[in-house]
Amino acid sequence: MTSTNSTLNPAGGASAPPAGLRPARRRPSSRGAENRRKWYEIIGLTTPAVIVYVMFVLVPMGFAVYYSLFRWRGVGPPTDFVGFDNYVLAFEDPIFLDALRNNAIIVVGSLLIQGPIALGVALLLNRRFRGRTVFRLLVFVPYVLAEVTVGIMWKLILTDGGTVDALMRSLGLGGLVQAWLADLDVVIWTLLFVLTWKYVGFAIILLLAGLSNVPHELTEAAAIDGASWWQVQRHITLPLLGPTIRIWMFLSMIGSLQVFDVIWVTSVSSVRSLGASATMATYMVDNGFFARLWGYGNAVAVILFVISFVAALLFQRFLLRRDIQGAITRRVN
Amino acid sequence: MTVAANAVLPPPSKRRPVSWGNPLTYALALAVAAVSIAPVVYVIVGGFRTTPQIVANPAGLPDPWVFDNYARVLTQSDFWGQAFNSAVIALGTTLGVVVLGVCAAFVLARYTFRGREALYTFFTLGLLFPAGAAILPLYLMLRDLNLINSYYAVILPQIAFALPLTIVILRPFLAAIPRELEDAAAIDGTGRLGFLWLIVLPLSRPALVTVGILAFVASWNAFLLPLLVLGDVNLHTLPLGVQNFSSQYTSDTAGILAFTSLAMLPALLFFTFAEKQIVGGLQGAVKG
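As given, the protein sequences belong to chains A and B, one line each in that order.
1 is the number of the first residue of the first sequence in our numbering; add one for each residue after it.
334 is the number of the first residue of the second sequence in our numbering; add one for each residue after it.
FYI, nobody ran anything at the bench for these hints, they're computed from the structure.
Do not rely on the hints blindly, as some may be mistaken.
[Stated by the list, open to error] Partner residues are not named here, just some residues of chain A that face chain B (Cβ under 7 Å, in silico):
id, residue
1, A49
2, M61
3, A64
4, I105
5, L137
6, M153
7, F305
[Claimed, not checked] Derived coverage of chain A by chain B (criterion: at least 3 residues anywhere in the stretch with Cβ under 8 Å from a Cβ of chain B; other residues may be distant):
id, segment
8, 50-57
9, 75-83
10, 123-130
11, 176-183
12, 221-233
13, 272-286
[What the hints assert, rightly or not] Here are the in silico distance ranges between beta carbons for each label pair:
id, chain 1, residue 1, chain 2, residue 2, range
14, A, V268, B, G527, 18 to 26 Å
15, A, R128, B, V374, 25 to 33 Å
16, A, V59, B, Y444, 21 to 29 Å
17, A, D185, B, L598, 50 to 58 Å
18, A, L274, B, P356, 46 to 54 Å
19, A, L112, B, Y582, 32 to 40 Å
20, B, D477, A, L112, 41 to 49 Å
21, B, W530, A, G32, 50 to 58 Å
On a predicted model such as this, the values are computed, not experimentally measured, just so you know.
For every residue, glycine included, the Cβ atom is placed at its ideal position computed from N, Cα and C.
Given only the sequences and the hints, what does the whole structure look like? Please build it.
Written out as structure tokens, the structure reads:
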């Protein structure tokens, strides 16, 4: 490259006086070539990622909007234009409204149950004691297992007359035994329990990573000044964890809105189709893919997308903004 | 431990003596650990029982221990084929995510140009909505592209889904590499691409491993996308296999337990080795 340039530009050899600047890597006269090369690099390096991302994330989303305006069984091009009828149908279907309610239960339930548990466990496992690493590993186990595995596992454990029932009877709690996964009123709470068990480890991982960023100097200084363990956590650790907690809430919310796998393999399809355990995602797949109502399914996809997007934007606007701007040492409460 | 984290963290306090915690700490930690792994242990141990044993006493221990269920799954079922499919898809996804992600993140971290922040926002938009929402039109598109029932139908979308998070994790990491190193490389006659290849890639190995692990685990565990696009049984991955097996042999509880145990084993082993790396790599990310 250098040799090519010096032939193009006889005036500027390697000895061209840089006029007191640091060794020039871009000679003024080859700026245009350099600039063009920079753009080649930018385009060359980003294009593959942009293409894959646009093609498999954004374009499908656009098609979903288009298909959702048709009554279409997925064969041939869509022709039966129905406008927003599919959307109206969805919001008139009690099963879909149940799915919405279930998603709301899962979002709120996950935040309210997992948050405090994860915080407690993270603070516990952040203390220094022998064998801490092993305990950390054990706590992460449920999170790393495939959703399907977890679902099947709990389905076997919670089956009628299964392990949980047997254990409860032997503890004298036989009266509380339910049809955990078949009772229409109980199933969503059972699933919330399974989801909590599965995902609380993720919150713990994030919080432990956040805790390791809390400077020891601060907590030690406070302890030396006579602050109790609880006071240190309350006034130093927790405020410093604020950003981590909010990022977890954000990810948890998005995840809860699209939850599919665990619900799908755990709940009996008849229970799901009655709305007791349906979520927006299972409803979408049941109707769009398996019942071949492609136009309708895509309308549900768009609703799921819009709800997630709006929730994410609101969250970002009101809670996450200062984290993205700010340093973590700033007090946030 | 990441470079970015090292630059900000106080010196690691490894010298501090690790003491035995107080009994309450242990009691709580034991309780938490028990809740986490009891169901997993139950499934693994249950695989060593027979279905009549399980029906007679759902919460008991194997008596006697039988190895037949595991042997049956490993020899008669499609376990190995499904494990192979899972491995091909997960490795392909990981490779794609790391290569495409590091290229894009490198540009977003080390080049100044008009539209850079717009491009970054464009990628981070992907974090704002669930990829699952696009699954139906994605299926239709893959069908039109004749990609259904191929590894690509899973690999390509999974790369796309993973890119936003990958870029968000990698960008601050690549940006933290000192400017002086780039200047020094330039003085030695190395261009920006040489800098990427010779200096950035080796230095950012911890971050690359982290995003690689995240992509691998997500792909290994994926269910919905493979369920829709892999109709051909010979292409089924392990999660599909677990579901097939459990709905096909409903009455064979012991067999299902064995199959489920075997399917979760790779993930458990893998995670045991990678745990430190994941937590270390996330430290940079949660700092924002």
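Okay, the hints, checked on the actual structure:
1. A49: A49(A) check passes; min Cβ-Cβ to chain B is 4 Å, inside 7 Å.
2. M61: Since chain B brings a Cβ to about 5 Å from M61(A), closer than 7 Å, the hint holds.
3. A64: Status holds, d = 4 Å.
4. I105: 17 Å, violated
5. L137: 6 Å, holds
6. M153: Holds: closest Cβ of chain B sits about 5 Å from M153(A), inside 7 Å.
7. F305: Since chain B brings a Cβ to about 4 Å from F305(A), closer than 7 Å, the hint holds.
8. 50-57: With 6 residues close enough to chain B, the hint holds.
9. 75-83: Violated - the segment 75-83 of chain A has 0 residues with a Cβ nearer than 8 Å to chain B, which falls short of three.
10. 123-130: holds (count 6)
11. 176-183: Coverage by chain B is violated for the segment 176-183 of chain A (0 residues, Cβ < 8 Å).
12. 221-233: Three-residue rule not met by the segment 221-233 of chain A, so violated; n is 0.
13. 272-286: holds (count 3)
14. V268(A) <-> G527(B): 18 to 26 Å: For G527(B) against V268(A), whose Cβ atoms are near 59 Å apart, the range 18 to 26 Å is violated.
15. R128(A) <-> V374(B): 25 to 33 Å: 27 Å Cβ-Cβ, so the 25 to 33 Å window holds.
16. V59(A) <-> Y444(B): 21 to 29 Å: 26 Å, holds
17. D185(A) <-> L598(B): 50 to 58 Å: Given about 37 Å between the Cβ atoms, the range is violated.
18. L274(A) <-> P356(B): 46 to 54 Å: 49 Å, holds
19. L112(A) <-> Y582(B): 32 to 40 Å: 38 Å, holds
20. D477(B) <-> L112(A): 41 to 49 Å: 43 Å, holds
21. W530(B) <-> G32(A): 50 to 58 Å: 25 Å, violated
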